[in-house]
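Protein sequences, first through last, are from chains Y and C.
This note's numbering applies: residue 1 is where the first sequence begins, and numbers increase by one.
This note's numbering applies: residue 1 is where the second sequence begins, and numbers increase by one.
To be clear, the hints were calculated from the coordinates, so they are not data collected in a lab.
Quick caveat: nothing in here was measured; it's all calculated off a predicted structure.
There's no promise every hint is true.
Derived DSS-like pairs: lysine-lysine, alpha-carbon spacing no greater than 27 Å straight-line [unchecked claim]:
| hint | chain 1 | residue 1 | chain 2 | residue 2 |
| --- | --- | --- | --- | --- |
| 1 | C | Lys-19 | C | Lys-52 |
| 2 | C | Lys-36 | C | Lys-22 |
| 3 | Y | Lys-73 | C | Lys-18 |
| 4 | Y | Lys-78 | C | Lys-52 |
| 5 | Y | Lys-78 | C | Lys-22 |
| 6 | C | Lys-52 | Y | Lys-70 |
| 7 | C | Lys-18 | C | Lys-36 |
| 8 | Y | Lys-73 | C | Lys-22 |
| 9 | C | Lys-52 | C | Lys-22 |
| 10 | Y | Lys-70 | Y | Lys-55 |
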Amino acid sequence: AQTVTQSQPEMSVQEAETVTLSCTYDTSESDYYLFWYKQPPSRQMILVIRQEAYKQQNATENRFSVNFQKAAKSFSLKISDSQLGDAAMYFCAYRSAWDTGNQFYFGTGTSLTVIP
Amino acid sequence: ETGVTQTPRHLVMGMTNKKSLKCEQHLGHNAMYWYKQSAKKPLELMFVYNFKEQTENNSVPSRFSPECPNSSHLFLHLHTLQPEDSALYLCASSQGTASGQDTQYFGPGTRLTVL
């Protein structure tokens, strides 16, 4: 099974500042998909951003962008102009392009606190 | 209602009880999933259904029994659980299981406590 590692259990950022959450993964495959999900306190998990491994261009979604380094197997999430509503658990996930069961492998999450 | 809904949101049960968790998706998706979320551990995929057929069972103990009567509804039947089964149980759905249909949409979860 693939392993996804989020080495920062907790992070904090000042409102309006930028923060980067790290994620690394272990795979021998060349074709896969990577995801960042956000889980606010007591609310459901929502997709933040999706990256296709065969695309060199980093995915962006408004204030959220990723730094995808395929050779390093690194997939970090940058949040710009942080807002109070960004406070949540953030999970990185991996999916093999060859998996017919759509199995996601998740990291243990990073808890982000936004300081007003 | 929109998205993925789960009931109940909280459940406390004894080890000898039988209970069921319900999930309903209003997205027109064909695939549904059960996950177990425990503190400081990665989400654990339990079951996958695609077009009502179970396609994955990740070595889940038989005290957890899934049921998928149609593409919109998913149940998790629970019996003789153990205290270590206490966790947040998340349901998710996706358009399908193939690449390009893979984004999973999650429900709010059922917080289960086993006494």
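Verification of the supplied hints:
no.: 1; hint: Lys-19/C with Lys-52/C; verdict: holds, 21 Å
no.: 2; hint: Lys-36/C with Lys-22/C; verdict: holds, 14 Å
no.: 3; hint: Lys-73/Y with Lys-18/C; verdict: violated, 44 Å
no.: 4; hint: Lys-78/Y with Lys-52/C; verdict: violated, 38 Å
no.: 5; hint: Lys-78/Y with Lys-22/C; verdict: violated, 35 Å
no.: 6; hint: Lys-52/C with Lys-70/Y; verdict: violated, 36 Å
no.: 7; hint: Lys-18/C with Lys-36/C; verdict: holds, 18 Å
no.: 8; hint: Lys-73/Y with Lys-22/C; verdict: violated, 37 Å
no.: 9; hint: Lys-52/C with Lys-22/C; verdict: holds, 15 Å
no.: 10; hint: Lys-70/Y with Lys-55/Y; verdict: holds, 10 Å
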